[in-house]
Structure formats: structure tokens, C-alpha cells
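Trainee: Sequence:
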Amino acid sequence: MFERRHQPIIPRKVFLRRQLYFTLVAAVILLGSLLLGIVGYHFLEGMSWIDALLNAAMILGGMGPINPMSTTAGKIFASIYALYSGVIFLVVAGVLFAPVFHRILHHFHLEQGGKDQAG
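So the sequence shown is numbered by my numbering: it starts at 16 and just counts up by one.
There could be a bad hint or two in this list.
Claimed, not checked - Below, computed lysine to any residue pairings styled on SDA-like, alpha-carbon distance capped at 25 Å:
no.: 1; residue 1: Lys28; residue 2: His122
no.: 2; residue 1: Lys28; residue 2: Val43
no.: 3; residue 1: Lys90; residue 2: Val54
no.: 4; residue 1: Lys90; residue 2: Gly47
no.: 5; residue 1: Lys28; residue 2: Phe17
no.: 6; residue 1: Lys28; residue 2: Ala113
no.: 7; residue 1: Lys28; residue 2: Pro114
no.: 8; residue 1: Lys90; residue 2: Gly77
no.: 9; residue 1: Lys90; residue 2: Leu46
no.: 10; residue 1: Lys90; residue 2: Leu69
no.: 11; residue 1: Lys90; residue 2: Val110
no.: 12; residue 1: Lys90; residue 2: Pro114
no.: 13; residue 1: Lys90; residue 2: Met78
no.: 14; residue 1: Lys28; residue 2: Val110
no.: 15; residue 1: Lys28; residue 2: Met16
no.: 16; residue 1: Lys90; residue 2: Leu45
no.: 17; residue 1: Lys28; residue 2: Leu39
no.: 18; residue 1: Lys28; residue 2: Val107
no.: 19; residue 1: Lys90; residue 2: Val102
no.: 20; residue 1: Lys90; residue 2: Gly76
no.: 21; residue 1: Lys28; residue 2: Ile119
no.: 22; residue 1: Lys90; residue 2: Asp66
no.: 23; residue 1: Lys90; residue 2: Ser100
no.: 24; residue 1: Lys90; residue 2: Ile103
no.: 25; residue 1: Lys28; residue 2: Leu111
no.: 26; residue 1: Lys90; residue 2: Leu59
no.: 27; residue 1: Lys28; residue 2: His117
no.: 28; residue 1: Lys90; residue 2: Pro80
no.: 29; residue 1: Lys90; residue 2: Leu105
no.: 30; residue 1: Lys28; residue 2: Gly109
no.: 31; residue 1: Lys28; residue 2: Glu18
no.: 32; residue 1: Lys90; residue 2: Ala72
no.: 33; residue 1: Lys28; residue 2: Phe112
no.: 34; residue 1: Lys28; residue 2: Phe123
no.: 35; residue 1: Lys28; residue 2: Thr87
no.: 36; residue 1: Lys90; residue 2: Ala113
What the hints assert, rightly or not - Derived DEER-like restraints, expressed as beta-carbon distance ranges:
no.: 37; residue 1: Gly61; residue 2: His122; range: 51 to 57 Å
no.: 38; residue 1: Pro83; residue 2: Gly47; range: 25 to 31 Å
no.: 39; residue 1: Thr38; residue 2: Thr86; range: 33 to 39 Å
no.: 40; residue 1: Tyr99; residue 2: Met16; range: 22 to 28 Å
Rather than coming from a laboratory, the hints here were simulated on the basis of the structure. Note that the Cβ used here is the ideal one computed from N, Cα and C, for glycine as well.
Model the full assembly from the supplied sequences, consistent with the hints where possible.
Mentor: Shown next, in the form of C-alpha cells:
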């Protein structure tokens, strides 16, 4: 997916296309995670769809739940979903920034040339 150290840096247009692809992957991960939260809150806690959406979005965004949980299943789900959401935040950040970091690091490798080769 990414060019090797000895290959030239890809043109800006190709890089932007790559960044768009990774942004779409991150969006799919976020939407899937949001859907998981909505369904869990709706069926395990008995919330309306809009309240389930609000709670799932707030947890996924790192803000915390809006409605208190009243069932044991809902409390367990909310605990697991909160931990899952913390990991998803890191995954999405990694997916979004991977092409940017790669481009920066690749630029430094090209500037270095063969200087790091032990001879």
C-alpha cells in the first residue's frame, strides 16, 4: 500500500487520493462502532433509538453517557462499549494519520540517501 524507502515520494494528487481512502476506512470504522452502540443501548437498555444514538455518540466521542443505566445488562454493555470506544479512538487516529506520518518519514529517508547504510 505504501511506497518503499528507495522509491520516490508519490505525487500530491495520489497522496490526497490515498488520504481520502484512509479517511473513508476510518469513517466506516466509526459508523460501524456507532451502530454497534445504538443497537446495544436500544436492545439491552431499552432506550429509544434517538436516546441510544445520543448515548452511543457521547461514549464514542469520549464525553460519557447521558442517561443512567438501569439494567444489569445495560451496565455491562456500557462498560464494555466505553472500553471498546477508547480503543477505537486510537485505531481511527492511527488510520487517519498513517499516510501523513508515512509521507513525512519517507521524505526524511530520501533526504538521508545512503548515509544510513553501513559500509
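Trainee: Within a Cα-Cα threshold of 25 Å, do Lys90 and Gly47 meet the stated pairing?
Mentor: Distance of about 21 Å is within 25 Å: holds.
Trainee: For Lys90 and Leu46, compute the direct alpha-carbon distance and say whether it is at most 25 Å.
Mentor: Judged against 25 Å, a Cα distance of about 22 Å means the pair holds.
Trainee: Given the hint that Lys28 pairs with Val107, test it: the Cα-Cα distance must not exceed 25 Å.
Mentor: holds, 23 Å
Trainee: Are Lys90 and Val54 close enough, with their CA atoms no more than 25 Å apart?
Mentor: holds, 14 Å
Trainee: Can the suggested window of 25 to 31 Å be confirmed for the beta-carbon pair Pro83 and Gly47?
Mentor: This hint holds: roughly 26 Å between Cβ atoms.
Trainee: Does the structure keep Lys90 and Ala113 at a Cα separation of 25 Å or less?
Mentor: Not OK: Lys90 and Ala113 at ~35 Å, beyond 25 Å, violated.
Trainee: Take the C-alpha atoms of Lys28 and Ile119, compute the straight-line distance between them, and say whether it is at most 25 Å.
Mentor: With Cα atoms ~16 Å apart, Lys28 and Ile119 stay inside 25 Å; holds.
Trainee: Verify the proposed pairing of Lys90 with Pro80, using a straight-line Cα cut of 25 Å.
Mentor: holds, 11 Å
Trainee: Has the hinted range 33 to 39 Å been met by the Cβ atoms of Thr38 and Thr86?
Mentor: holds, 37 Å
Trainee: Does the structure keep Lys28 and Ala113 at a Cα separation of 25 Å or less?
Mentor: With a Cα-Cα distance of about 17 Å, the restraint between Lys28 and Ala113 holds, given a limit of 25 Å.
Trainee: Check whether the Cα positions of Lys28 and Pro114 lie no farther apart than 25 Å.
Mentor: Distance ~13 Å between Lys28 and Pro114 Cα, so the pair holds.
Trainee: For a C-alpha distance cap of 25 Å, please report whether Lys28 and Leu111 respect it.
Mentor: With Cα atoms ~17 Å apart, Lys28 and Leu111 stay inside 25 Å; holds.
Taken one by one, the earlier hints fail for this structure at numbers 11, 12, 35, 36, listed in ascending order.
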